[in-house]
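Participant: Below, each chain spelled out in residue letters.
Number of protein chains: 2
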Amino acid sequence: MSMSSILNALEKDSDRHLDDLVQWLRIASVSSDSSRKSDVARAADWLMDKFRGAGLAVELVPTQGHPMVIAETAPVPGAPVVVVYGHYDVQPVEPLDQWISDPFDPTVRNGNLYARGATDDKGQVLTHVQSVCDWIANGEPLPIQVKFLIEGEEEVGSENLERMLPDLADRMACDCVVISDSGQYSDGQPAITYGLRGIATYELRIDGPSQDLHSGSFGGAVMNPAIAICHVLSSMVDKTGRIQIPGYYDDVVDLVASEREAWQNLPQDEAAFADSIGVKELFGETGYTADERRWARPTFDVNGITAGHQGEGVKTIIPATASAKFSFRLVPNQDPTKITAALEKHLADHMPPGVRYQLSPDHGAPGMLADTNSRYMAAANTAIEMAFGKKPVLIREGGSIPIVTRFQEVLGCDCLLLGWGLSDDNAHSPNEKFRIADYHRGIRASALLWDQLGKLQPSESK
Amino acid sequence: MSMSSILNALEKDSDRHLDDLVQWLRIASVSSDSSRKSDVARAADWLMDKFRGAGLAVELVPTQGHPMVIAETAPVPGAPVVVVYGHYDVQPVEPLDQWISDPFDPTVRNGNLYARGATDDKGQVLTHVQSVCDWIANGEPLPIQVKFLIEGEEEVGSENLERMLPDLADRMACDCVVISDSGQYSDGQPAITYGLRGIATYELRIDGPSQDLHSGSFGGAVMNPAIAICHVLSSMVDKTGRIQIPGYYDDVVDLVASEREAWQNLPQDEAAFADSIGVKELFGETGYTADERRWARPTFDVNGITAGHQGEGVKTIIPATASAKFSFRLVPNQDPTKITAALEKHLADHMPPGVRYQLSPDHGAPGMLADTNSRYMAAANTAIEMAFGKKPVLIREGGSIPIVTRFQEVLGCDCLLLGWGLSDDNAHSPNEKFRIADYHRGIRASALLWDQLGKLQPSESK
Numbered sequence: 001m002s003m004s005s006i007l008n009a010l011e012k013d014s015d016r017h018l019d020d021l022v023q024w025l026r027i028a029s030v031s032s033d034s035s036r037k038s039d040v041a042r043a044a045d046w047l048m049d050k051f052r053g054a055g056l057a058v059e060l061v062p063t064q065g066h067p068m069v070i071a072e073t074a075p076v077p078g079a080p081v082v083v084v085y086g087h088y089d090v091q092p093v094e095p096l097d098q099w100i101s102d103p104f105d106p107t108v109r110n111g112n113l114y115a116r117g118a119t120d121d122k123g124q125v126l127t128h129v130q131s132v133c134d135w136i137a138n139g140e141p142l143p144i145q146v147k148f149l150i151e152g153e154e155e156v157g158s159e160n161l162e163r164m165l166p167d168l169a170d171r172m173a174c175d176c177v178v179i180s181d182s183g184q185y186s187d188g189q190p191a192i193t194y195g196l197r198g199i200a201t202y203e204l205r206i207d208g209p210s211q212d213l214h215s216g217s218f219g220g221a222v223m224n225p226a227i228a229i230c231h232v233l234s235s236m237v238d239k240t241g242r243i244q245i246p247g248y249y250d251d252v253v254d255l256v257a258s259e260r261e262a263w264q265n266l267p268q269d270e271a272a273f274a275d276s277i278g279v280k281e282l283f284g285e286t287g288y289t290a291d292e293r294r295w296a297r298p299t300f301d302v303n304g305i306t307a308g309h310q311g312e313g314v315k316t317i318i319p320a321t322a323s324a325k326f327s328f329r330l331v332p333n334q335d336p337t338k339i340t341a342a343l344e345k346h347l348a349d350h351m352p353p354g355v356r357y358q359l360s361p362d363h364g365a366p367g368m369l370a371d372t373n374s375r376y377m378a379a380a381n382t383a384i385e386m387a388f389g390k391k392p393v394l395i396r397e398g399g400s401i402p403i404v405t406r407f408q409e410v411l412g413c414d415c416l417l418l419g420w421g422l423s424d425d426n427a428h429s430p431n432e433k434f435r436i437a438d439y440h441r442g443i444r445a446s447a448l449l450w451d452q453l454g455k456l457q458p459s460e461s462k
Numbered sequence: 001m002s003m004s005s006i007l008n009a010l011e012k013d014s015d016r017h018l019d020d021l022v023q024w025l026r027i028a029s030v031s032s033d034s035s036r037k038s039d040v041a042r043a044a045d046w047l048m049d050k051f052r053g054a055g056l057a058v059e060l061v062p063t064q065g066h067p068m069v070i071a072e073t074a075p076v077p078g079a080p081v082v083v084v085y086g087h088y089d090v091q092p093v094e095p096l097d098q099w100i101s102d103p104f105d106p107t108v109r110n111g112n113l114y115a116r117g118a119t120d121d122k123g124q125v126l127t128h129v130q131s132v133c134d135w136i137a138n139g140e141p142l143p144i145q146v147k148f149l150i151e152g153e154e155e156v157g158s159e160n161l162e163r164m165l166p167d168l169a170d171r172m173a174c175d176c177v178v179i180s181d182s183g184q185y186s187d188g189q190p191a192i193t194y195g196l197r198g199i200a201t202y203e204l205r206i207d208g209p210s211q212d213l214h215s216g217s218f219g220g221a222v223m224n225p226a227i228a229i230c231h232v233l234s235s236m237v238d239k240t241g242r243i244q245i246p247g248y249y250d251d252v253v254d255l256v257a258s259e260r261e262a263w264q265n266l267p268q269d270e271a272a273f274a275d276s277i278g279v280k281e282l283f284g285e286t287g288y289t290a291d292e293r294r295w296a297r298p299t300f301d302v303n304g305i306t307a308g309h310q311g312e313g314v315k316t317i318i319p320a321t322a323s324a325k326f327s328f329r330l331v332p333n334q335d336p337t338k339i340t341a342a343l344e345k346h347l348a349d350h351m352p353p354g355v356r357y358q359l360s361p362d363h364g365a366p367g368m369l370a371d372t373n374s375r376y377m378a379a380a381n382t383a384i385e386m387a388f389g390k391k392p393v394l395i396r397e398g399g400s401i402p403i404v405t406r407f408q409e410v411l412g413c414d415c416l417l418l419g420w421g422l423s424d425d426n427a428h429s430p431n432e433k434f435r436i437a438d439y440h441r442g443i444r445a446s447a448l449l450w451d452q453l454g455k456l457q458p459s460e461s462k
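So the sequence lines, in the order shown, correspond to chains A and B.
Counting in UniProt numbering, the first sequence runs from 1 upward without gaps.
Counting in UniProt numbering, the second sequence runs from 1 upward without gaps.
Mixed in with the good hints, there may be bad ones.
Just so you know, same-sequence chains aren't split out, so a pair can sit in one copy or run between any two.
[Unchecked claim] Taking lysine to aspartate or glutamate and the EDC-like style, the derived pairs with C-alpha atoms no more than 16 Å apart in a straight line are:
| no. | residue 1 | residue 2 |
| --- | --- | --- |
| 1 | Lys455 | Glu203 |
| 2 | Lys391 | Glu312 |
| 3 | Lys50 | Asp20 |
| 4 | Lys37 | Asp102 |
| 5 | Lys338 | Asp251 |
| 6 | Lys455 | Asp170 |
| 7 | Lys239 | Asp269 |
| 8 | Lys345 | Asp212 |
| 9 | Lys12 | Asp335 |
| 10 | Lys37 | Asp250 |
| 11 | Lys37 | Asp20 |
| 12 | Lys315 | Asp362 |
| 13 | Lys50 | Asp212 |
| 14 | Lys50 | Asp134 |
| 15 | Lys338 | Glu162 |
| 16 | Lys315 | Asp212 |
| 17 | Lys280 | Asp269 |
| 18 | Lys12 | Glu385 |
| 19 | Lys50 | Glu72 |
| 20 | Lys455 | Glu259 |
| 21 | Lys12 | Glu203 |
| 22 | Lys391 | Glu285 |
| 23 | Lys280 | Glu270 |
| 24 | Lys37 | Glu344 |
| 25 | Lys390 | Asp187 |
Because the hints were derived from the structure by calculation, they are not lab data.
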């Protein structure tokens, strides 16, 4: 069977592909909402049925939380083994009143399918499910073995998968993990993401007096925890965005010239980018473009602060307590543990007198860099170019997908981050969508990827 | 009739005095709670009845909010005229679950009467009401004229009284305003307060991107409003508590040597003070004692900050907005209007790029200094020494009572701030109380004050 007959079959089935996605999106699998537990289970069941219908070996793997779905095609001796990782759980939908249509009643508008999970990640996961199931339904074996590992807890931190991964290592042994949970570079410009930033998140709580004090009777006599937190947070970063914690940049591997050159050729429009997010000017470390700063430079962001009176009107108090949540995005080679140690020392050195404080690290994960010269990358490049009609660009992504680093560590495999979404798909926001044409292109690119990987010489596959 | 017979009469009536206060405190006159409007009116009526019963000329003066009660004793030609100012409204009671007994079911424990309004200000107002009413009931005219101006909106800012005061100026013409809405210096050490700090309050809102952004995808490209507010707030004050706004100290009149000497002799125990408010060490401008800093040095306090994610768990965003409420306590001679202008310039000079901001001044009032050498002060000194058995100390208070400055401006009179409360009376907090013995001492001191003022030579009374 030729690849073109597969592609024709996919084309012929496109209405059913969309109908499948609509069905899956109707299931409100919000993993963080305990009242949705049965919906999360139904979403896993739906996927199990889909795999079973295509004849894959399938198993529902229980966890302490929501289960994982594992499905496998037949082994192909000598050919590469690919794990497709994704998730069937979705983000909460609040604020519900900002949705134009019901988040769980998938609706087509202007060539987009609107629903919670459309792009993140049911729609993107399903591109690989469809390509595999259709291939097999066409009566031919896949040229490679594909193992699916689709979890139900990505939106709540993947903790169970991270912990269970070593036990699953033999079963998930592979040459390459394929993940479609990201985006194209821009509308019409597909991309392969070869780098991710790491992350380290913290909560800092500063305590002063045992209760809120009257700022008239006590102002001038005690350190104000809200001022203390401003001092100490502002000591961590200067006004150009350069982090001031000693040692913070020690392990940073700077961008290489070839990367910077390649990114210079991307269709960047910083003014349009600023406009799209509602700011008059971009901001950040001098000497780097916005893409360089977002993708490959470490950053510090305060995610939230709370202290004292926040309601209407005036309440002239010295708050008893102030607290802040903040995060660093790390670049590959920075170690979250070392960052925490440097931060602890910085806080001890810079905390104003008269207050007590507690730093609570939440989670940390290193960044990731994939080998852009691997044969898997080359195969993905060809597949995407054929499916999207345009050569993909190689980019990094500023976000963090901690499980990717775990896959590299535990499975010792390559990673291919192949995103079919767009930056305005509103993942995690109201009116999430997935462009229907990108869904179909993703299915084609997926099938073409299996074909390309199947052409690798056996001796080269490991 | 001798003063000792008046004091005997007061002693004989002490049970009724307490009973009166209990009755008044049962009325939940929370001025900020619109559902309590009829209770606020009942509290005014209760006071009207009390005055009427003693034969005073009395009037309920309506305002756009809650009414004022004005009552007058007969004029005494050639003798001083005193206005007693106070308020019959009370603070809200929340958090209710922290009250040991119902805030509106006055309860005696360990010699204290617990109820909302016990010390602030019904209990303290009633000391003057009782002394005047009992004096008259004893069959003798007061040696001076006393005019009561008791409002129902002190806890919501006294805006109506401030606006109406010029129209009331003729009626309230007096030599001296007496206010008992503060405290003794410490347990067993009565005080006369001769200075108050002024105040200037603001809200600063900083806007960045049009919505919260993912700190992975966007971190490094935009100014984070929560970081911007930390930078700009920390630029306003250094780590010693010294305010960094150019011009801020220009009009500050420093403490005079005699004041500093007098305060050095107060029974100050900074370690015990720190302990009482739950901090290990006090903090503030170098070169000043804690009392000097609290009473007579200008300060900056952040009253509240809000930005981004404040709930449980991690949400790695760049918040769209951050805002803070903050206040300055000013010393006499500092002008809130000039402070606002200096602040505006400072913000313009120090605001990080990439954000928009809005400064909203709320209210401002200058500080107050009374003449410590006045004959009214001397009369109060004698009266308090006789009633409390100890000479009062002369102190300032760090809080602000804007209406006091208005009285000085509009009525051109002296002010006597005679507080009978204690610092642990929990005004504005759960379990507000008033020591019953201090209530009775306050009544005696009030009667003795009328006596002392009546002894002033007619020619000297203005």
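Participant: To test your reading of the hints: which numbers does this structure violate?
Facilitator: 1, 2, 4, 6, 7, 8, 9, 10, 11, 13, 15, 18, 20, 21, 22 and 24
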